[in-house]
Amino acid sequence: MLKTPGYFSMHRVPPKFIANFDSATAMLRANAMYLRGKEFSGLGFMPRSARPLGTVINSLPQSVKEQIYIWSGYSEAIPGADMSKVDVEDITKWVTSEYPEREYPAVMIGSSNGAGVHLNAALGIPWLPQTFLIPVQQPDVHPDETLDGMKAGMEPARLLLEANPDIQLHHMHDANQDRLMLGKMGYFRVKKLKLGEQYEKFLREHLPPGGTIILNECHRTWPTTRLGERHIFQHGALGGATESEFHEGSERVTKYLERYGSHKRQWDTPEKNEVSPEAEWGFEPSLREDVERFARENGYKVKRLVYEEPEHLSPLVADLYRWWYRQRQLRPNRLMLESFIVLEPYWALRTGSVPFWMKFNMEPSLEWATHYLENTEPYDDIHLMLFSHGVEAVGLPSIDQWKSVFEFARKKGSFLGVDEKSFPRDFGVFVKYQTDLMDIPARYPMPGMLTLNQFERFLDENQGRYRVQFLDHSATETATVAAR
Amino acid sequence: MNVTDAIIVITGASSGIGRATALACAERGGTVVVSARRSHALEQLAQECSNLGGNAVAIPADVTDPDAMDALASGTIEKFGRIDVWFNNAGVTVAGNFDEVPPDVYRQVIETNLFGVINGTRSVLPYMREQGSGIIINHSSVLGKFGASQFSAYSTSKAAIIGFSESLRQELRGSGINVCLLLPAAIDTPIYNQAANFSGLGVKPVEPIYPAELAAQEVIGLIERPRAEVYVGNSGRAGSFARKVTPFAASDRAIGTTWEQDHFTPNPADPSRGNVFEPDSNPDHAKTSGGWPVSEGSSTPYVAAGIAAAAIPAAYLLRSRSKK
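Heads up: the sequence lines are chains G and S, in that order. Number 436 in our numbering belongs to position 436 of the first sequence; there are no gaps in the numbering. Number 195 in our numbering belongs to position 195 of the second sequence; there are no gaps in the numbering.
Simulated from the structure, these hints should not be mistaken for lab results. Incorrect hints may have been included.
Said to hold, decoys possible - Pairs of lysine to aspartate or glutamate residues, derived as EDC-like cross-links and limited to a Cα-Cα distance of at most 20 Å, are as follows:
| # | chain 1 | residue 1 | chain 2 | residue 2 |
| --- | --- | --- | --- | --- |
| 1 | G | 194 | G | 289 |
| 2 | G | 264 | G | 145 |
| 3 | G | 411 | S | 78 |
| 4 | G | 194 | G | 166 |
| 5 | G | 38 | G | 98 |
| 6 | G | 412 | S | 171 |
| 7 | G | 272 | G | 289 |
| 8 | G | 38 | S | 171 |
| 9 | G | 303 | G | 289 |
| 10 | G | 85 | G | 197 |
| 11 | S | 79 | G | 380 |
| 12 | G | 201 | G | 89 |
Predicted model only: the values in this text are computed from it and were never measured.
When you get a sec, could you build the whole thing from the sequences and use the hints?
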């Protein structure tokens, strides 16, 4: 049985059918561990003492490293036939068990976002994810055969959706970034359309009447193929390759496929019939209606944090931290560039670091970070925690290109936990980022919480500066606050 | 930390314990940044330190001026790149009954002694937080452990330094920064020669009197092995102990009597604001010693005397009560 017994949720053990190595899971843990006053070591599931393992892994031959990466991912995947046994409420039961038992002034619900984790840490509030990754075994699909991947997911999808009427499935197939894993597993990203019993229970027990529910709404979309009422197929994903490169090919794609010895020179792609919220980061608006209904019934306020690209939130949160340090009369001037799930809310504050989150390790992230650094007051020190995913994918900057961000540091720049020679197969970074971060000698006091009033004051002082809106639930996006 | 490798900032370095500490550190090859209001005295001190084999820089500053303290910290960083030890040492004093000391003098004593420590700490802390290491040594006094008749402003400031330091030490747990208290008893320094005085009598230290070099040794001990607090002179430790174990009425009588009798000379003295607002221009007062007779030999008799000083009146008091 895949059912998670109560014991496991009570002891913060996630259901077997959910991926540990995923944005939602890792960010949830980072958020919850911070609220428990704990560090986020080893992506939340590896102890700090595993550091030597990282060094050992990085010393292995490339093919062995890739196999370890593949099989560690595959070990989490479940057979397609077992999808009928998945109950998404088991996930949400585990999610809510991660957070300390106390009242919160607000609760965030919605899109996964690394900058959002730091915002929640500052506000001292939990985040309830809308999207989760369920990895499903698909051993016979070639990564570059998109249509085969789509077909392989049809029956498991039917079973999953039949068992879970309040979710929408975004079956994601990205042979650029997920090349290593796709040969063994499919990416079923499920989005909750309704709060559901567990989230409602958590809100009633932890958010006092008059409290605020903040909807985290990333409005990024992707051209998709609708396969059923709640079944969407997404070819490609946000990263180094553009939407058109996935769908129409390009010279970069051809070279990439050649490089990996693929029989294809361009991906086949199913016909697109709509535009949907992006599978991993995008917010599915059906949930908003249910949250508003629940808030009305229980006397809660609803606010909406709205932005287009996942990384649009990053400059705002970075500057908020800078502003917050100054409010607290502290003078650290250190930037910590994080990528994907290599992030650390606890040690960011303890070392007096300003966090700037990047969604992945690809060119658009490097460009966005560079844009931020070109337009902000210089930092004395810049540190970079760079995620590795094992693939020399389309749009992957070289390690030297990544080093260019260090030129913006007034004093010095350095990687944290990164083995430059191994990138992008530097799997040791998953345990070493945190211990290297702790090696920064600076120590700052852990703060109390930033109030929502303070956050709104920061937004007022910086109107028009960020591509983010913080809206009342009744406001339209062109309301007076829309300039934020 | 080895003194030889340390960058040590000392406020109130132009005389007394600060001066003795600078010289002792220099003798061990340490780098000292000496600070006080008197620039000429500092320059001389820096030269003496260099002659002893140390590396010394003089940065004049008034500890009551937060900007000057910021400049002292940033100037040290600019010159040496880090600050390992910050000795908040500067202090002044005033003698006289509480209601006879002018309010502005009273306030300025606290401003110098207490806010001098606070200003210095505020200036150095950002650098030490970034370093993740450092030692802050705050000069309190045995008079921070117990009050003393005629010296309430001084005692108040020194008691507050203890409260400040203990709070700060708790806040800085895990930061790599140590906060230490120096608790001297009576030390032969020019502080008594420069004291503001509204008592009508000349001021002198209460015996036993210890040399300033002993305090410097204790500071070096804190640099090498930071501890929460160290006494300078066993009489202070004994007095502090006696204060704890005897009833208030008894120890108040013992300490009050001792201070009123032994802290003053029989000679009359005009009211004086001393060096509280302006630095003393007398070159004899820019020295380590104030010329007071340092007690010779073992301090054990004084320790016993300290305990007895509290215990005997306690017994007397109890006997008086039993007679009633």
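A quick look at each hint next to the structure:
no., hint, result
1, G:194 / G:289, "8 Å, holds"
2, G:264 / G:145, "8 Å, holds"
3, G:411 / S:78, "13 Å, holds"
4, G:194 / G:166, "6 Å, holds"
5, G:38 / G:98, "12 Å, holds"
6, G:412 / S:171, "29 Å, violated"
7, G:272 / G:289, "27 Å, violated"
8, G:38 / S:171, "18 Å, holds"
9, G:303 / G:289, "13 Å, holds"
10, G:85 / G:197, "18 Å, holds"
11, S:79 / G:380, "18 Å, holds"
12, G:201 / G:89, "12 Å, holds"
Checked against the numbered hints given earlier, the structure breaks hints 6 and 7 and satisfies all the rest.
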